[in-house]
Amino acid sequence: ESDENFRLCVSFADSNFKYHRYLSPDSHKIHRAIDGLCEKFEVHSQKQKAVDLKELTTLFLDQTGLDGKDTGKTDVHYALLSLILNLAESPTKKDFHRKKKDILPEKPDDFDWKNYLLDDEDLNIMSFASSDSETDEESLPDTYEDEDTDDDENNRKKLQQQLLAESDQVAHAFGVGDGDGFLPARSHDRGSDVLKVDTTDEYQQLAQILTVEYWKGKSKEEDVVGSHAASNLARDWKYYQSQINEFYTPQAGIVVTELQVVRETVWMLSGITELFIFKYDGKEFRLNPDVYVMHLTAESLESSLRPLMRKATQVCVLQSFVTDIVSQVCSSISSGEAQCVPQTYQAFTGSVSAFLADFKRQLHKIEKDVMKQERVMSLERLMFDLNPWLAKIQVVHGVYISGIASVASISDNDCSTNNCFRASLLLNVLYQAVFEADLTSLCDQESQACFLLQVLLKTSEPVIQIISDWINNGQLRDPAGEFIVQRNKKILSLNETFWEKAFVPNMKSPSEGLSLLDITLQKPGSQETLNRTTSKTTKNQTTHRKVSGSSSSTAKCDQPDVFLKLGPQFLQPILNDAVLTGKSMEMLETLGRMAEVLDVDCEIYERPPSLYELFIRDLRMKMGFVSEDRRPCSLIVTPVTASEKDTVVDRQLNVPGEKDTLLNINFATIFPDIDLKIEDNRKCKTDLLPELSNNDLPDLLRLCESCLYPHVRSRYKIVCSKLVQILKSEYHLMDCIHAMQRYYLMSSGEVAYDFYTHIFQKIMNREFWHSGSMLELYLHEAVAPRFPQDLSKLTVTVSTDVNQKEKRAINQTDCIQLKYK
Amino acid sequence: MAANPNQKSAAASQTIDILMEISRLLNTGLDEETMAICLRLCESGVNPEALAEVIRELRRETANIK
Chain P
1 ESDENFRLCV
11 SFADSNFKYH
21 RYLSPDSHKI
31 HRAIDGLCEK
41 FEVHSQKQKA
51 VDLKELTTLF
61 LDQTGLDGKD
71 TGKTDVHYAL
81 LSLILNLAES
91 PTKKDFHRKK
101 KDILPEKPDD
111 FDWKNYLLDD
121 EDLNIMSFAS
131 SDSETDEESL
141 PDTYEDEDTD
151 DDENNRKKLQ
161 QQLLAESDQV
171 AHAFGVGDGD
181 GFLPARSHDR
191 GSDVLKVDTT
201 DEYQQLAQIL
211 TVEYWKGKSK
221 EEDVVGSHAA
231 SNLARDWKYY
241 QSQINEFYTP
251 QAGIVVTELQ
261 VVRETVWMLS
271 GITELFIFKY
281 DGKEFRLNPD
291 VYVMHLTAES
301 LESSLRPLMR
311 KATQVCVLQS
321 FVTDIVSQVC
331 SSISSGEAQC
341 VPQTYQAFTG
351 SVSAFLADFK
361 RQLHKIEKDV
371 MKQERVMSLE
381 RLMFDLNPWL
391 AKIQVVHGVY
401 ISGIASVASI
411 SDNDCSTNNC
421 FRASLLLNVL
431 YQAVFEADLT
441 SLCDQESQAC
451 FLLQVLLKTS
461 EPVIQIISDW
471 INNGQLRDPA
481 GEFIVQRNKK
491 ILSLNETFWE
501 KAFVPNMKSP
511 SEGLSLLDIT
521 LQKPGSQETL
531 NRTTSKTTKN
541 QTTHRKVSGS
551 SSSTAKCDQP
561 DVFLKLGPQF
571 LQPILNDAVL
581 TGKSMEMLET
591 LGRMAEVLDV
601 DCEIYERPPS
611 LYELFIRDLR
621 MKMGFVSEDR
631 RPCSLIVTPV
641 TASEKDTVVD
651 RQLNVPGEKD
661 TLLNINFATI
671 FPDIDLKIED
681 NRKCKTDLLP
691 ELSNNDLPDL
701 LRLCESCLYP
711 HVRSRYKIVC
721 SKLVQILKSE
731 YHLMDCIHAM
741 QRYYLMSSGE
751 VAYDFYTHIF
761 QKIMNREFWH
771 SGSMLELYLH
781 EAVAPRFPQD
791 LSKLTVTVST
801 DVNQKEKRAI
811 NQTDCIQLKY
821 K
Chain U
1 MAANPNQKSA
11 AASQTIDILM
21 EISRLLNTGL
31 DEETMAICLR
41 LCESGVNPEA
51 LAEVIRELRR
61 ETANIK
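Chains as they are written, first to last, in the UniProt record's numbering: chain P, 1 to 821; chain U, 1 to 66.
By construction, these hints were calculated from the structure, which means they are not laboratory data. Heads up, the beta-carbon is just placed ideally off N, CA and C, and yes, glycines get one too.
Partial chain P-side listing against chain U, Cβ under 7 Å, derived:
1. Ala13
2. Asn16
3. Phe17
4. His20
5. Tyr22
6. Leu53
7. Leu56
8. Leu59
9. Phe60
10. Gln63
11. Asp67
12. Ala79
13. Ser82
14. Leu83
15. Glu89
16. Phe247
Cross-link-like lysine to any residue pairs, in silico, SDA-like; alpha carbons within 25 Å at most:
17. P/Lys93 to U/Ala52
18. P/Lys99 to U/Ala36
19. P/Lys29 to U/Val54
20. P/Lys279 to U/Gly29
21. P/Lys238 to U/Glu33
22. P/Lys73 to U/Met20
23. P/Lys54 to U/Ile16
Given only the sequences and the hints, what does the whole structure look like? Please build it.
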């Protein structure tokens, strides 16, 4: 009633009822209209309809009770007919068949009138008065006794027939016949009194536990009615409604028990849509209006089931999401096309699927309890048992709507750039959800924060794995294109623009319609400040230098500020370090020195732990779950006794055709006294996460950051410092920098003065000076006295690409190109 | 003789049934609950043509919203 539309409708109806210009219904006009309709039906060869219409209207007009009068043909009668005639819509095109009245056979009156009327009178007196014969006196009792026995016989036969009929019903319900051996043998002669009474009890017992087929309308109110006054509220309410409104028609016609409602609710929450009590229209579940329970009115039943129906709808939405993702992944695998579903989505799907599976297991347990009927089960108890799960469903559904469904309508041919946006959005939504849940964790009874954290950890695993591969192994493996950075394949590793152009942002916001790369390329020459991070080898310190931006627009692709605005929120503090580490790893690989920075802490046959494994391990340690064990869980070493080993080795080597003494010696040398067991790494990873259920930890996100960031930063320090060290020691980086400073930034003014003096004189005298060899000579003369070591590295040429139309004097030397090898 | 409540109820039920039959025959699209409400409104004195207009208008607006 608070809805604005409802108020508008009420005011509209009110104004129409009060201020209209219609005349009162005229009985003559209505009769004429009905006659006209009958004629129309006859013209359309629908004579039966005309007959039915005439009959029904006559019947209706003869009905009494309307308008409080005991006569027919009142104003109300004509008003209703007028209303129906006005609302009629193409009656000739609609099929109509009159409802056949069910003629119920009258119940045979089996009341014993004779006994009632005679009222136990002693009929012997009457017979005694009419006859003096003693024999009559003696015979009469026998006659009456016979009559009594006949009555008893008839009653017994009737009872037997009734029991036989009931037993037939039970047998039919079971679907078995006499020949199955399930039922005791009985005679088919209905008049026979062979039937045993104890089998009837069994049938009755079976009939009691058999579920009534309420979905076929076979439930009866009499079977469901309870003895408590409050258990028949629906019936009392209907009675009250019918009393105040004689035209009240109850909509619901099929009675169900609360247990049946509970069972169907459990099925509905499991994701089953084909139900009787609940109807699914493709969007949401609704209560079947034909169903009612005895102890609740229709409105209260609807309101109590509404939260569960909403949650069931959310479960269906999540299930369909999981199915869609799995089918998309499978179809892309089978067709061999590029992966269009981000791995982040797949990871999220996995965690949602696992959660739904756990939820269904819980529902299954509840269903078993319901079937056992060992404890009282009601809707209230069901809500209480499922409360923690329902809250989690709400949260997961909210994440799905905000993080996935909101961008699902984006249609873009280039799915790789969109995947970055999608993955980042999903991770940001999850991060925000964990943050908000963490804030309310003190009053959070259902440990939602820990649950969401688990989902976030599982969902962020692909992105962390991409970073891990890049900074540990130098490989940027991103099959779905969901990482924030992508490799520019046009730029090779040894290209001089590698550092600026090799890795570019991957983010493409659909609302902007352009990638950030496109935006930066459209703004050449803008003076933006870049933040670049370099590392010093001696003290392993990072220094931040602000370098004024050049006019080259391509340099802006490397803006760390750009990265700071992209990607998942919780990765932004380390994104810059990760990018620099990745670039350094590729540079080291190109220089052939990557082996020096690979993880050397593990044994040769061990796989080094990934960033994700280290992160989870530290998280578990800080949460206090495991002791500090730095061994990767993929490898467990157990000593084996010599006798056991000999048995295994001997058995293998003694196989005919395979005995090799040299092999035996080599085997003993390599693996002397240990036996190796490689355990499933995946099992270790999944076992780690379910233990995160501690609800007492404050600030979960900060804890996660403290476990993840140090690993990235330490890797950054190791790799970048190693690269700088190599560049300094083997590639004379400092010499190059000093040379740049001297010749390009003009720090040694004397060299520039000496070199340019000759040129300016030539220009002033309007002499020819565009000779490469002449410039080379001038350069050597200027550099040799001060920096003889740079002589072999410097060359000067004259470029012909410069625009000759430029008339300014200052631009005349733009054609000179100085190169430093 | 005054009709007892049971007879009244039966008569009312029969009236509604007949009205619903006529309504089905003429394809008005009214269900039992709506018919009962319309009956009550007509008994209260609402003009049937105005009521029909309101019903048509509400149906149109509902269809537009959907």
